[in-house]
Amino acid sequence: MSKKPSATIEQKPAANAAHGQAPVNASLSKGQKIELFRQMVRIRRFEERSHRAYTGKNANGGSNIGGFLHLYNGQEAIAVGCCSLMGAHDHVITAYRDHGHAIAVGMDTKALMAELYGKVTGCSKGKGGSMHFFAPARNYWGGHGIVGGQIPLGVGLAYGVKYKGNKGSAMAFMGDGAVNQGAVHEAYNLAALWNLPCIFVIENNGYSMGTSQARSSAGELAKRAEGYGMAWGMCDGHDVYEVRATMDKFIRRAHEESKPAVVEIRTYRYRGHSVADPDNTYRTKTEIEDYRRTKDPIQVFQATLLAEDVFTAEAAEQIDEAARAEAEAAAEFADASPYPTVEDIQKDVYWESDNPTERKSEGRLFFN
Amino acid sequence: MPLIEYREAIRNALAEELTRDPNVVVMGEEVGQFQGAYKVTKGLLEKFGPTRIADTPISEAGFIGMGIGASMLGVRPVMELMFWSFYSVAFDQILNNAANVRYMSGGQINCPIVIRGPANGGTNVGATHSHTPENILAAHPGVKVVVPSTAYDAKGLLKSAIRDNDPVFFLENTILYGEKGEVPDEEYVIPLGKADVKREGRDLTIVTYGRPVIQSLAAAELLAKEHDISVEVVDLRTIRPLDIDTVLASVRKTHRVLVVEEQKPFCGVGAQLTYMIQAEAFDDLDAPIARLCTIDAPAIYSPPVEAEQLPNPQRILKAALALLD
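Chains A and B supply the protein sequences, listed in that same order.
The first sequence finishes on residue 368 if you use the working numbering, and the numbering steps up by one all the way, no holes.
The second sequence finishes on residue 693 if you use the working numbering, and the numbering steps up by one all the way, no holes.
The following block holds chain A by itself, in its conformation from the complex (with noise of 0.2 Å):
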């Protein structure tokens, strides 16, 4: 998204009205489109400002951000309009790419920059990075490192759920690489023969690292829910609208019959798997261009909602600038707060050397 509104940039309302329409979308007041509207925003300031600090020096000329850094760009519309359905019962859990799903379920931007950047005051205190972001308290489960390894977990917060006899579900989320880990496919399996109100997300934005689709995956990606039984379904993931009105069905479904399902988000990243990756081996600057151009889901929904007379193209910028300051603002934070210290290192290890008033255990737990 540019800061003004460009002739390079062909701003339409989503393709298909009709999702508009949807009930869990036509409920919706102007305040809360505007929302949904400022959360994707948020995001991609966000995003924006990380690869700024990735890429950039602190001012001792050392790196602000170690390890990798996967962006979200591109795909917001997928965690701003899922988590926005989410109710007191419902839990999320992502992989890597987990910054988009964090900011969408209310997580304050500076603890996530200060985690980016390693310091004390993250939302892991430090010790997770960009992969690893938690917020048990919004009922977000991270933030995983490992392609598909947080598929069982997923299944696991249903049955958690369930067998606390809670209405409500897990969005397990996964990107299109993950579907051929055989963990996916054991999670899969329990989720069908225990009808567990768990929905598989797989956000598909084309590519598995540098490997498109159609060089890694057989078939159709949703369709394999059919195998086990399962309900599926695909939508459009430029479009927030189509987005919660796919999932609100199966969400629902989840909630009243305990049932769980696949469901394929069609998306798109404008940045490489990581942001060290060089992203020219495997897809065309053009392609790239052209998403942005014309798919673009921040624009899509300003289009829409400019044509809904929701609010008006200043309005949008002054959410846009407002989510720029954010940014800055929690980069800002995160330089200027403290790193963990070399005894923090070995805490958060146990729950018992945490608490140690309360160990039963005896004996050591530490080896140095």
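In case anyone wonders, no lab produced these hints; they're calculated from the structure.
Be a bit skeptical, because a hint or two may be false.
[Claimed, not checked] Restricting the straight-line Cα-Cα distance to at most 20 Å, the calculated cross-link-like pairs of lysine to aspartate or glutamate (EDC-like) are:
1) Lys164(A) with Asp389(B)
2) Lys527(B) with Asp553(B)
3) Lys360(A) with Asp389(B)
[As the list claims (entries may be wrong)] Beyond 10 Å from chain B on every Cβ pair, some chain A residues (computed):
4) Lys30
5) Gly87
6) Lys223
[Unchecked claim] Partial selection, computed: residues in chain A whose CB lies under 8 Å from chain B:
7) His132
8) Gly142
9) Ile146
10) Ala183
11) Glu186
12) Lys347
13) Val349
14) Lys360
15) Gly363
All values reported here derive from a predicted model rather than from experimental measurement.
Ideal Cβ positions, reconstructed from N, Cα and C, are used throughout, including at glycine.
Fit chain B to the given chain A structure using the hints.
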């Protein structure tokens, strides 16, 4: 005191904890209708019903991961691995997810899961089913590892494991399942991380855990009768946390140490123990620390030869005599 089998002691611990805490569930392959591959869970389905005692498909990565996810929400799953050897197909779940989630979340998430099942050789089932992964498990900060040798210990330690808020890996032994031991009717728990001196002695300390405790006690008996050697046998019971203080106290008494373990020698639990003993009690040692392990090869099938690959009373006796020579 009533004499009951090791498997029954485990079953009783499960039943008591299932009764005590509605968040406890038992899951695994064949734990319900089939009554347990080794009959550890016999009768539990009838008593507690299919919501609490759940048969899973043969799908260790899936169901162990599911248990970990459920534990994050406050369920306290006790997951049975039919063999701990199958941990390898759930390795990512056990050692990336269970072991790390508390740390990576900055202490926000707990994982109060127990994974239990047998981990031993000696049953002629070949290399794939004879792994003893306690060293590999215990190498991961964040987890606890328990290896009980007797019915009494198994019951008391499992009850502590189920009440623990950290992930606990509980390694049993198919050869010990039928061994009877004295177990009181009244409730008791044994804290994790507390070693037990199973036999007192003067001349030599054998530090061991699991089935080799039983074999070391047999060897100690022979050494006393035939060689007039007084052996102290220290049963670690828990590998992590580790009660090194009880080990060191015994070393300071006998001044000689033989570590016996059903592990391969390379980077085994014994390697860690011998490092710690020399670091902390060097001046108390009258001889280099000796170690008796499983002979360093994949588990051989051939039944009479497998018995020689593993620790056994005769091998322990020889190692003790060599150390005292």
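Do the hints match the structure? See the list:
Only pairs whose Cα atoms come within 20 Å are accepted, and Lys164(A) paired with Asp389(B) is accepted, the gap being roughly 13 Å. With a C-alpha separation of about 14 Å, the suggested pair Lys527(B) and Asp553(B) falls inside the 20 Å cut-off, and the hint holds. About 18 Å separates the Cα atoms of Lys360(A) and Asp389(B), which keeps this hinted pair within 20 Å; it holds. The claim that Lys30(A) is not at the interface with chain B holds, since no C-beta of that chain comes within 10 Å of its own (minimum 35 Å).
The claim that Gly87(A) is not at the interface with chain B holds, since no C-beta of that chain comes within 10 Å of its own (minimum 15 Å). Consistency note on Lys223(A): stated as away from chain B, and its beta-carbon is indeed over 10 Å from all of that chain's, at 20 Å minimum. Interface hint status for His132(A): upheld, as the beta-carbon distance to the closest one in chain B is roughly 4 Å, under 8 Å. A distance limit of 8 Å between C-beta atoms decides the matter here; for Gly142(A) the minimum to chain B is near 7 Å, and the interface restraint holds.
Taken as an interface hint, Ile146(A) checks out: its beta carbon lies about 6 Å from the nearest beta carbon of chain B, inside 8 Å. Given hint, Ala183(A) at the interface with chain B, holds; its Cβ is 5 Å from that chain's nearest Cβ, closer than 8 Å. At a threshold of 8 Å, the smallest CB-CB gap from Glu186(A) to chain B is about 3 Å, leaving the interface hint in force. At its closest, the beta carbon of Lys347(A) sits 7 Å from a beta carbon of chain B; the interface hint therefore holds under the 8 Å criterion.
Satisfaction of the interface hint for Val349(A) is found here, the shortest Cβ-Cβ separation to chain B being roughly 5 Å, below the 8 Å cut-off. Because the beta carbon of Lys360(A) sits about 6 Å from the nearest beta carbon in chain B, less than 8 Å, this interface hint is met. Of the supplied interface hints, the one on Gly363(A) holds, with its beta-carbon coming within about 3 Å of a beta-carbon of chain B, less than 8 Å.
Against the hints set out earlier in the document, no violation occurs for any number.
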